[in-house]
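**Q** If you want the building blocks of each chain, they are given just below.
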Amino acid sequence: MTPATAAPATLQIRDVVKDFGGGSVAVNHVSLDIHKGEIFALLGSSGCGKTTLLRMLAGFEIPTQGSILLDGQDLAGLPPYLRPINMMFQSYALFPHLTVWDNIAFGLKRDGMPKERIAERVEAMLKLVQLPKYAKRKPHQLSGGQQQRVALARSLAKRPQLMLLDEPLGALDKKLREETQIELVNIIHEVGVTCVMVTHDQEEAMTMATRIAVMSEGKILQVGAPAEIYETPATRFVADFIGNVNMMEGTVAVDEPDMVEIDCGYCRHRVGHGITGTVGMEVSVALRPEKIRLSRTKPEGQVNQVQGTVRDRSYFGSFTVYNLELAGGRRLKVSESNVERHREDAPAEGQVAWATWPDTAQVVLTQ
Amino acid sequence: MSRPLVASFFDRMHAHPFFRKHSRKAVIFVPYVWLLVFFLLPFFIILKISVSEMEVATFLPLLKYRDGIVSLALNVSHYLFIFEDELYSATYLASLKYAAVTTFWCLFIGYPFAYFMARAKATIQPALLMLVMLPFWTSFLLRVYAWKGLLMESGWVSELLIAVHADDLLLHLGLITAPGKFMYTPFSLVLGMVYTYLPFMVLPLYATLSKMDLRLLEAAADLGATPWVGFWKITVPLSKAGIIAGSMLVFIPCIGEYVIPELLGGPSTMMIGRVLWDEFFSNNDWPMASSVAVVVILLIIVPLALFNKYQAEATEARA
Amino acid sequence: MSVRNLLLGSGATRAFARGWLVAGFVFLYLPIVALVIYSFNASLMPVVWGGFSLRWYGELAHDQELLQGLWLSLRIAFYSASGSVVLGTLAAFTLVKYRRFLGRTIFTGMVNAPLVMPEVIIGLSLLLMLVMMQRWLGFPERGLLTIWMGHLLLGLSYATVVVQARLQDLNPELEEAATDLGARPIQVFVLVTLPLILNSLVSAFLLTFTLSLDDVVLSAFLSGPGATTMPLVIFSRARLGMRPDINAAATIIIGVVSVGVVAGSLFIFRAERRRAAEMAAAQRA
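Chains as they are written, first to last, in the numbering used here: chain A, 118 to 484; chain B, 32 to 350; chain C, 1381 to 1665.
Isolated chain A, as found in the complex (with noise of 0.2 angstroms):
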């Protein structure tokens, strides 16, 4: 799904800052555009100013210069209670004394809507997170799951015109994260809410979010839909955060429009597409293992093929993972599907083998 680029922005966020003192910069400079119905990750490690950003979309925190627009509206000066912002938090954060409707129902009685009304939305609420029947318990009565799903319908409940999740399936363990994830997404594709998501998971991010922003330091590196963050990374930093990633420098040897030859020394890498950059440039391949087949004997040509040996072998089930121990002592991550029960010519432990990829494998980075 690609973004209505030509659908005005919701959020637009104007080259915010924010400096706690004290030396880093917990957000530097960050612009994005966020449009109408979109699911929006941050992704990051800890520390990388995700979390302070979305805070100060809640209003929790003030950044230090400048703006943050929501439908055109600045939100500066407005406290957290008078935006139409609402967050799922971390830690759900439902309100122990309260029952399930009350939790609910605590943003609908603040705006003084009328009581029939507040019934009506609680219910529908409840509906369709799927726990009618849970509407008198309180949140300890709960499982984590059915916890997660009422603090979503309670920041639902108002009908916010931009929906802040905090590590949306942190608290969960695995298997429940995995099932939850598409009945999240779901439902907020159900209300149509625009949703902002923090995240430091980055499966997370891909399954859910419509588009990603990488953030480290504060900084945003990059911004894209998950498939074009994955296979087209725009630094070092990105393909080695976003899963596995081999990376091997050289300098450019041919260039034409509609192909290159990356010299490596141990290896020579023909790319499929054209660059902008020069003969003799440094410039590094990013070579994901999963896209590496492995042979035992050597394929044809001279291009795109390396030899090594097989160093270790881990078995996951679905794919095995190989380590190539090349020459000068450099390593090669191979992933193979297991798309056969019993391989006959899968290479052993220490035994050599070839690897090799297609053109269109590779991603080179001049940055």
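Honestly, the hints are just simulated from the structure, not real lab data. There may be inaccurate statements among the hints.
Examples of chain A residues lying across from chain C (beta carbon under 8 angstroms, computed) [as the list claims (entries may be wrong)]:
| hint | residue |
| --- | --- |
| 1 | Y198 |
| 2 | N203 |
| 3 | W218 |
| 4 | Q258 |
| 5 | K275 |
All C-beta atoms in this analysis are idealised placements derived from N, C-alpha and C, irrespective of residue type, glycine included.
Please build the complex by placing chains B and C on the supplied structure of chain A, with the hints as guidance.
**A** Below, chains B and C alone, put in the same frame as chain A:
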């Protein structure tokens, strides 16, 4: 409708720049000023009074204006008296000694007590904790008073001590002056203080010991430490904060204790709290009482700073 | 089992542990038990058992001095506990929520110091200040008001410690969630914070109430003519020796407090256990 009206009132109130700017200050301001006026300021006042002359229940001003000359009349005679008079210095030393001995016995009894409590079955721990807290809630004055009955002649404890000939030992140690007489001796005084302050030692120790990660001891045992070594090398160092907090909670108030020496100590055991009391209530000598108080404050200022540091650390660590 | 062996070692050590705990509790409860038993002693002689009697309880009903002291003490305790909880909550809020402000160290010190500061010092210094204040302002007269101020000073510290502990355990996201859902700061406090810390406010109130009801030293310094609290009455009698009527009064006080504390603890303990069971059931489902 009243709701929107109330909401709009809150809106306006909170949107008002004065409120948004000053609500935080108001929260800090009230207890802060209260403490400054009723806790800190009085110390400066006794400091001032301690160096004033007293003239028939009124003090002469420190600054005098006479014949065009401003003179500062600092009267340090009370302090000189405290340091020169042997009775005072002996009393200060005795107070420190009794407080230290009390702290030692509280730690000696209280540490194993708190340790065994913290390592008892999880199901009975709340009950044990409640049993320690209960005397803490019930009247301290009455519990001290009760010891009078237990220690006086033919009292239960007195009979017991005589039966096991503990009075010979106490007499030998100079803690009592005559066989079979336990009241109004250093023994009864320290017993009363240990009894009163024991819960103050046990509670912080229990708090640190019960929070300790027991896997550390398993790790130590796995690395070859015997339970005894594990206790001394792991448990005790990790409960340092509790030991210091508990010891200060006992030591500092003991120095200035008044009720216990008055009820159990008798005339032979002078403690500084009683001296201060007598200067004030019997002799009506306010400058002298103030000087005594200032010297007590000087004595406890270091332990007090220590206590503050650990108290702050303990509360920060919880956050 | 292995962990417990590691901690308490052999059977002999375990027996020693049990013995130490039992001895400790005997030490803590012996005086209380003795007080209660001798309150039923018919004899005027303090330690000579003269048969069972309720005579001293009957005399208490006519002891005007003690009854008046009790009434005064209860009033002061109520006022000082109320004030302590209000100021203590503000102070606890300050310490937990506002990490940085001018003079935080002094503030922390002033909150903690009365916990250990000898009461004679607090009493004397506060009294001398109030005397000076009265000279300049003609106010306050020594009596209920001045005793209240002293007890409030002490109670403030204890209440702060109790409320602070609870506030620190409180998930800050709860208050943020309330704000996020449209609650104004005062509504956040009334609708979310207050219900969640209510237990600690009740504990703080009861603790400062009993502290005030028990205080001798501060009351002695700060009381005026005609304002004799119950502990002052008891103390002046106890100085002179054992008196069975004090035993009777003590038994009543200790009985009331113990029943209250035990009932309260049982209530909290039960509620916690029920909650744990419900949580376990929810996770299983």
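**Q** All hints, please: hold or fail.
**A** To see whether the hints hold, each was checked on the structure:
Taking 8 angstroms as the C-beta contact cut-off toward chain C, the hint placing Y198/A at the interface holds, the least distance being around 5 angstroms. Interface restraint check: N203/A against chain C, minimum CB-CB distance 6 angstroms, threshold 8 angstroms, status holds. Because the beta carbon of W218/A sits about 14 angstroms from the nearest beta carbon in chain C, more than 8 angstroms, this interface hint is broken. Because the closest C-beta pair between Q258/A and chain C is about 5 angstroms apart, less than 8 angstroms, the hint holds.
Against a cut-off of 8 angstroms between C-beta atoms, the interface hint on K275/A holds, since the closest Cβ of chain C lies about 7 angstroms away.
In this structure, the one hint that does not hold is number 3.
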